[in-house]
Each structure stands twice: as C-alpha cells, then as structure tokens.
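Position chain S relative to chain A; hints supplied.
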Amino acid sequence: MYLGVFTWNIRTGYVDTLASHTGLELTRWVLTPGRWVWTRLSSFWERYVYFVGVRQENETLREDLARANEELVGAREQASLAKRLTDLLLIAPPPQWTREASRVIAHRLGPNAALETFVIDKGRRSDVDVNTPVVAPEGVVGRVLRASMNAATVLMVTDPNSKIPVVSQKSRTQGILVGRGSGQPMMLQYVSLSAQVEPGEILVTTGLEGIFPQGLPLATVTNVNREGASLFLNVSAQALFDPKRLEEVALLKKAPPPKPEEEEALPDTSTKRPKGAADRKGEVKKRGRNEPPEARPQESTPKKKRGEGQ
Amino acid sequence: MTGRRAAFWTVFTLAGMWLQSFLPGVDFLAPGLILSLQEEKLRTTVILGVIWLFIQEGTGSLAFGTVVLWYALLVGLFFFGHWLFEARNFLFMMILGACLGVLHFGLMDVMTQLQDWRAAPGRVLVESIVQAVVFPVEWGLIYIIHNHLPQNGQNI
Chain A
1 MYLGVFTWNI RTGYVDTLAS HTGLELTRWV LTPGRWVWTR LSSFWERYVY
51 FVGVRQENET LREDLARANE ELVGAREQAS LAKRLTDLLL IAPPPQWTRE
101 ASRVIAHRLG PNAALETFVI DKGRRSDVDV NTPVVAPEGV VGRVLRASMN
151 AATVLMVTDP NSKIPVVSQK SRTQGILVGR GSGQPMMLQY VSLSAQVEPG
201 EILVTTGLEG IFPQGLPLAT VTNVNREGAS LFLNVSAQAL FDPKRLEEVA
251 LLKKAPPPKP EEEEALPDTS TKRPKGAADR KGEVKKRGRN EPPEARPQES
301 TPKKKRGEGQ
Chain S
1 MTGRRAAFWT VFTLAGMWLQ SFLPGVDFLA PGLILSLQEE KLRTTVILGV
51 IWLFIQEGTG SLAFGTVVLW YALLVGLFFF GHWLFEARNF LFMMILGACL
101 GVLHFGLMDV MTQLQDWRAA PGRVLVESIV QAVVFPVEWG LIYIIHNHLP
151 QNGQNI
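So the sequences go chain by chain: A and S. When the first sequence is numbered by the working numbering, its final residue is 310 and no position is left out of the sequence of numbers. When the second sequence is numbered by the working numbering, its final residue is 156 and no position is left out of the sequence of numbers.
Keep in mind the hints are simulated off the structure, nothing from the lab. A portion of the hints provided could be inaccurate.
What the hints assert, rightly or not - If you want a taste of the chain A side facing chain S, the calculated C-beta under 8 angstroms gives, among others:
| id | residue |
| --- | --- |
| 1 | N9 |
| 2 | T12 |
| 3 | V15 |
| 4 | D16 |
| 5 | G23 |
| 6 | L24 |
| 7 | L31 |
| 8 | P33 |
| 9 | A92 |
| 10 | H107 |
| 11 | R108 |
| 12 | G110 |
| 13 | A113 |
| 14 | L115 |
| 15 | L145 |
C-beta: ideal position from N, C-alpha, C; glycine also.
This is chain S alone, in the form it adopts within the complex:
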C-alpha cells in the first residue's frame, strides 16, 4: 500500500469513528470494507477488516461476535452479488445497503436474544433505514475520492 493510500484509509477510519459518534447504531466503516475489496489487495482488506472489527466490537455493548457476523455476511453478500452485478455499480451498492439494513435489524434481534437482553425495536428499525441510505451514498463518495488519489489514475 502506498503512503497516500495508507493516509486515505487512516483518514477514512478516523472520520468513520467520528461520524459514528454523531449517528449511533450506523456503521460508517462498512462501505470502506467493500471499497477495499474492490480496490485493494486481499491482505490490505484483511488488515483493515480486523482493525475495524475490533473498533466496532470494542465500542459496542453486545458480546464479541456480532460484528464478526455482520462483516462476514457483508463480504458474503458482496461476493454473491458480484456474480450477478457489476461490482462497482451504484445500483448494486443500493441493494447491498438495503440488505445491510435488513441484516442490522435481524442481527440485533438475534444477538440480543442470545444474550437474554432487549433492544428497542423501533430505534433499531430507524437505524436500519439510516444504514440502508448511508451505505451507498458513503460508498459513492469514498469511491470517487479513492479514484482521485494521485496514483489511482482510473476513470470513474
């Protein structure tokens, strides 16, 4: 990874953590995972994924494991959709965002029940909708920025 890309991912991570403190319940790092799968080497994606996994698990309030499933299912959905759609298509990202919204609601329900806890379903539903909207928009934004980095001379 070049210095500029490393700086990009560092700024992205810090900005994502900050945005998460303004919009609780929404994952601002997930679009980065997809962008990394599209644009970076697998090793870079794994490193970024592990860092983000520990950030999300550490700041969350459920037992370790929810974000493992969350990111695993996101990657699974991406590779599954990859066969059907062009991987960099915005429509594909909107579908992926909608799937993430449903996934957030389902995962919160299952994981809180597994730990014999309760989460307000109304609030989780709102978070799911916001997640579904934020995901494609943020992906589009970071995709444009990433492809405008000096050493990434790709047409967008």
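The shape of chain A in the complex, shown without the other chains:
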C-alpha cells in the first residue's frame, strides 16, 4: 500500500504539493522573523557584551567606543547589503525575462534534505514556479525544485542531480555540466577529444533544456585532461558563486505575454488555432513550465514529476 501511494504521489505530486504548502510554508514563517531577532541579538552582543572589559577600565571611553563600533558595524552591514543589492540590480535579465530579488532564509533543512538546496522567501504568490531559474551576480545558482505560497526550495547547480547543457564562451565547446556535491568541482561531460576547450574559459547556458535563458555564465573551466581509453575529455569546472556566501539571489521569470489589444494591433499572418487547442495536453507539455502562469491553462496543466526537465 505504501509503495502504491508513493508511486501515485511521484506521478501526480499531490502530497508533495500539500507538504510544500504546509511544512515549507510554516518553516518560512518561523525562520524569517528569527533571522531578524538573530541580527538584533548579534548587534546587541557587538554593542554591549563584547566591551564589558573596556567598561571596567574606562566608562566614558567604553561608551564612545561602543557607539563608534555600533555605527561602524551598522555602516559596514549597510555597505555590504548595498553592494550585494547593487550587484543583484546589475544583473541584466535576458530579453523577454524579468528579474526579482529574493532573500536566502535557510540552507538544507531536516532529515529529508538529501539534495544540495536552499530555501528562499519567495513562492507561488510571487509567480515562482518549479524550474524557475535562480541567479546570483556571479552567475547561475540553480532552479526552483518546489514552491509553497511564500517560500521555495532551490536546487543548486552543484548538486549531482543537476545536469545543464552548456557551451564554452571562447571555443564554443558543448557539453553537459554536472554537479558533484558541495565543495567538489563540477564535471563537463561528453566533450569530444578534439575539442579546444581550455582552463579559464567561462561556460554559459545554451538554453536547450528549456529552463535557463541562453548565455548565462555558470562555471569556469579549471582542468582539462585525457583519461585512459575514454572517448571524451575529462573537464573539471568551478561554479562561479560561493554557496556558503549566498544571502540574496535573483529569480528570472518570463515576461508576461503582450496584452490582447497589442496582439490585435499586429497584422495576423499566422493560421489561427482552433478554439481550445491550447488545452490539449500535448501542447501544454511542449510549452513547458517556464511559460508565465497567465499563458498556461490552470485546470488542464498536467502535474509534473519533481526534478523533471533536467
């Protein structure tokens, strides 16, 4: 019976959705205010407790120092935040894509967190859906694995289950970039022996998997060598972002389709589809999950197995 329910859920995703909308949502509301309390406590520690020894020597000097330190800590934090947010704002979304900033509220959580993931504070209410691309100022970070109303779990590109088609910027060598876990270099698979790829080249997305926009930087080639009688080159790469320093990320979402009046203004040169044709399952599958929700018929969208698409 368990296997039956498990398999049914794998195919439909109903119970996963229920778990996301309850457990993940509750965790988001617990962790987010906690972050604020933690920041206040850290600030309190910096201001008062750390300078107990100084107070014993000179009360006036201690107060001055504490005040100066408080201002300095605050200024540094503000400067750091401003720099990070500026970097995020400098991410130029590809044409027909929009960018939305989001805060990282936790990394892997609980005994069920088998994959390299983190949790962000944006969810379906912000039009975040499964497979929404997630980027940092340095490059691609990952994609949304599951989402609740106000939170989402992001699968990082460094996870062994992340496989992304990429091309090197200089030599235009194509391959599949596969993660190997936290702290491990990534592997560029299926690179032919004759490829001219060199260490230091930037790998960018090709967009062939239908999830990421084309041309986003993802990793740097660190090592290229041959191994035994293999038909392919052994290419290692390093992700451009540091998972341990991620605090804010940007979500890339497809821009909404043009309004009906704009469409009507354009000359209609195409053959019109029969009414209701877009509701057919085959067409919905072809469009994929990256279409904005407005363009997707909600009632007929088939449930997709988590992780599908990469």
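Quick look at chain S alone, frame taken from chain A:
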C-alpha cells in the same frame, strides 16, 4: 494537554526547526516523538507526529514518503525495544539513536535511488553519525525539562 505542555511542545517544535537550519540533515524533532510516546496520550503524539511529518516533508527535497517511513520505523523500533529495555533508559535511547543513524543512511540510499537521484554518500554518513549522537543527548535534555514542568511532578 495542559497549557504548559502545549507551550512546551510549541517551543520544542520552533527550536527544533531552528536547530535543523544550523545542522542540515539531522532530525531534531525525532526525540520529541519518542518523548511524546512515553509521556503524552496517543492522540497528542499522533497530532504532533503529523505536524512534524509535514514540516519535514515540506522542507525536504525528496518526494513525499521518506519521513513517513522514517517516523514509522522509529516508532516501530521504540515499541520493539520497549519489550527488551526500560523505555526511559538512557542506554535504550543511545541504541535507538544508533539505529536512527543507520536508518538515515539506508533510507537516503533507498529513497534517492527510487527517485533516480543521487546523494553524496560521504555527507549522508556524517549526518548519520551526528544524528546518532544528537538523538540521545536531545532526548535526555527534553526529558528533564518535560519532567520539570510544574504539573509533571515525577521523579527523574
């Protein structure tokens, strides 16, 4: 359940969720399930178990079902060990913690393979060891706190 006990379990749940964000891969709510089985009515345990189940499943990255097995096996192990050991014995909790460690490694292996996914075995092994150590220590701590609640006048 009295107000103080409800407050205890609420604080325990919130603290457990927070601790889980500091130590990924470790279940800080599992010792509460055992303590609830020992100290609370079955209905309370079921309610707490369902809440924790959805928290763990919702925040995890595998398909729904892993934590169902995880908690079901934990409860099964508890009732099985209950026949052999005194249920509130710390040694029993250490054995239960060791079993949980092995269970974490095995379950992660089986469930990731079932979904055709991969998890780094080295990292899961470290998590299993931490789980085995954390479980009895946390159980001992919450057992003492629970028995010091004003309306629980038990000798510990």
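Taking the hints in turn, this is what the structure says about them:
Taking 8 angstroms as the C-beta contact cut-off toward chain S, the hint placing N9(A) at the interface holds, the least distance being around 5 angstroms. At about 10 angstroms, the closest approach between the beta carbon of T12(A) and any beta carbon in chain S exceeds 8 angstroms, and the interface hint on this residue is violated. Annotation: interface hint on V15(A) holds; nearest CB of chain S at approximately 4 angstroms, less than 8 angstroms. Among the interface hints, the one on D16(A) holds; its C-beta lies about 5 angstroms from the nearest C-beta in chain S, closer than the 8 angstroms criterion.
At about 2 angstroms, the closest approach between the beta carbon of G23(A) and any beta carbon in chain S falls short of 8 angstroms, and the interface hint on this residue holds. For L24(A), the interface hint holds, since its Cβ comes within 8 angstroms of a Cβ in chain S; the closest pair sits about 4 angstroms apart. With a least beta-carbon distance of about 6 angstroms to chain S, the hint placing L31(A) at the interface is held under the 8 angstroms criterion. Proximity of P33(A) to chain S is violated relative to the hint, the smallest CB-CB distance being about 10 angstroms (cut-off 8 angstroms).
At its closest, the beta carbon of A92(A) sits 30 angstroms from a beta carbon of chain S; the interface hint therefore is violated under the 8 angstroms criterion. Checking H107(A) against chain S: minimum C-beta separation of about 6 angstroms stays under 8 angstroms; hint holds. Look at R108(A): its Cβ gets to within about 4 angstroms of chain S, closer than 8 angstroms, so that hint holds up. The restraint placing G110(A) at the interface with chain S holds, with a minimum CB-CB distance near 5 angstroms, inside the 8 angstroms limit.
Look at A113(A): its Cβ gets to within about 5 angstroms of chain S, closer than 8 angstroms, so that hint holds up. Because the beta carbon of L115(A) sits about 4 angstroms from the nearest beta carbon in chain S, less than 8 angstroms, this interface hint is met. Given hint, L145(A) at the interface with chain S, holds; its Cβ is 6 angstroms from that chain's nearest Cβ, closer than 8 angstroms.
Taken one by one, the earlier hints fail for this structure at numbers 2, 8, 9, listed in ascending order.
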